[in-house]
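Colleague: Using the sequences and the hints given, assemble the complete structure.
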Amino acid sequence: MSVLIFIDQSEGHIKKSSLEALTYGAELAAQLGTSAEAIVLGEVKDDLAALGKQGVKKIHQVNNSALNHLDAQVYTKAIAEAVAATGAKVVVFSHNISGKAIAPRLSAKLKAAMVAGAVGLPNTSNGFVVKKNVFSGKAFANLSLNTDIKIISLNPNSFHITNGDGVAEVAPLSVTVDAPKVKVTAVNKVTGEVPLSEAELVVSAGRGLKGPENWGMIEEMAHLLHAATACSRAVADAGWRPHHEHVGQTGLAIAPNLYIAIGISGAIQHLAGVNRSKVIVVINKDPEAPFFKAADYGIVGDAFEVVPKMNAAIKKLKGIA
Amino acid sequence: MKILVCISKTPDTTAKIAFTDNNTKFAPDGVQWIINPYDEWYALVRAIELKEKDASTAIHLVTVGAADAEPIIRKALALGGDEAIRVNADSHDSFYIASQIAEVAKQGGYDLVFTGKETIDYNGSSIGGMVAELLDLPYVSLATKFELNGITATITREIEGGEEVCEVSLPVAVSCQKGMAEARIPNMRGIMAARTKPLKVVEPVAVDALTSVVSFELPPAKAGVKLVSPDTPEELVRLLHEEAKVI
Ligand SMILES: Cc1cc2nc3c(=O)[nH]c(=O)nc-3n(C[C@H](O)[C@H](O)[C@H](O)COP(=O)(O)OP(=O)(O)OC[C@H]3O[C@@H](n4cnc5c(N)ncnc54)[C@H](O)[C@@H]3O)c2cc1C
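Listed in order, the protein sequences are those of chains G and R. So the first sequence is numbered by our numbering: it starts at 1297 and just counts up by one. So the second sequence is numbered by our numbering: it starts at -19 and just counts up by one.
I should point out that these hints are in silico values taken from the structure, not numbers from a laboratory. Take the hints with a grain of salt, since some may be wrong.
Derived lysine-lysine pairs resembling DSSO-like cross-links, with alpha carbons at most 27 Å apart [what the hints assert, rightly or not]:
no.	chain 1	residue 1	chain 2	residue 2
1	R	Lys31	G	Lys1477
2	G	Lys1312	G	Lys1581
3	R	Lys225	G	Lys1605
Note that the structure is a prediction, hence the values are computed from the model and not measured.
Modeller: Written out as structure tokens, the structure reads:
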């Protein structure tokens, strides 16, 4: 009857989104009066027992180098066997890149109802109903999962991470590991930057910055705040910034704690990707810019004057001379 | 080479989102319907590009929907598909739709199944993976590049903070996003040709949906923006630190 949480690793390191999934799974298990267990596939460098801090009691590890890279087909078969072995009734993923590949496969394989992009714990007072993001952040749906086994894939940055003092038991698990058909031949990571999808703070800029040569102050602010950088579609299309920074309805949808939008008008398609951010700050010289309607804080002013002054104030705050 | 491209009908990106029937149904009044942008710009256009390189390629489009989905599928045909299949069913849930698509795919014997990375209404990112599982195919999701060399596909996919290049033999299912191709607009010749391209209507296979929508809700309205003078940006930094506690 347990809750089984999928722990996602990349190059042996546990992703932050998995810590959210672990906390969520542990709280869900408490709500259902059952225990939380987890599964990790592939070789791991981080200390797995320490994941007990997020409330999980037992971690099943399939320590096999064939699982170091994601092949959703191979992963799904292994996880389906783990579901059977543990008797899990709820399987929790992060709705991150791996979760989006594996969770729907597992749903189809087990004929298990799935909610993709859950934003909170289920309501179990009458059935099993989970709230999820729909219409690209413009609405929510309360979805009823109507099968015995249920799959929840949790939107990144929608759930807190607890840090208790638990230590998890780590045990090897033997499942079928097929030879991957998807062979990874190269990995290109943008090193030294905070990945946008996992970032808690995001500094984003738009066409108001006039040209790519003016991004120095944006990068400086991001650096000072340990934030990721993002941009509007207009900016990515103009080739001023790389495509992976494009947020919005047709780019990445993000939900950081803080989203600072500089020189972005706030078109509806842009807002769709960022309006789940907890705090939105808008800096725009046009008081009529639609973004102000979606903002928590704002400055009506010229970015070229405001941003350097903000950077100076952040330096002072952080004690950087 | 046979490619199946999955096409979904979604409200336009500027559509006002509202609900009726006690918040249980999307209110379609005045809504413009479009091809889901990821299906159109990336999945379909990349398939068309592959056909432009190899004229023997056949592109079939599939949509699961009622007759009101036909303008959308005709528009997709105008961009460049060869023929289309509409599974005549109201959509129930992702699993139901994926099961219908998998059935069509089994009949057609495709080398490639392309979907968009997600729909902009349901945001599930689920159909591609479910179809792949139902067909027992490998699945590469969130692809940003796709090249074909004989029966080997070289696919670049997104990973956290970067990208990964992988190789896989056909057949394979791929979900497509930005980078795969550049958006196109249909030309007059395409629009004329689309009128006579085959659009087959098939009845759904019996499948139970696994989920049901209980209700929809709109996000709570923002309290309103707190404006800080442009002469004192340090005040904004102070508020973010002391009041919002985010930095
Ligand atoms: C189907 C579809 C999908 C789309 N998807 C997306 C998407 O995913 N993401 C996205 O971002 N867009 C998307 N768009 C585009 C969107 O509609 C807007 O065109 C785009 O977001 C505008 O980018 P921008 O705000 O950077 O530029 P603009 O609209 O040109 O706005 C620039 C802003 O900068 C301000 N400004 C100028 N100078 C200064 C200064 N010195 N200091 C301060 N402010 C200044 C201006 O007042 C203005 O508000 C989509 C459009 C369509 C049709």
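Colleague: Now tell me, hint by hint, if it's right for this structure.
Modeller: Structure-based check of each hint:
For the suggested pair lysine 31 of chain R and lysine 1477 of chain G, the alpha carbons sit about 25 Å apart, so the restraint of at most 27 Å is met. Between lysine 1312 of chain G and lysine 1581 of chain G, the direct Cα distance comes to roughly 36 Å. Violation of the 27 Å bound is thereby established for this hinted pair. Between the alpha carbons of lysine 225 of chain R and lysine 1605 of chain G the distance comes to roughly 20 Å, so the proposed pair stays at or under 27 Å and holds.
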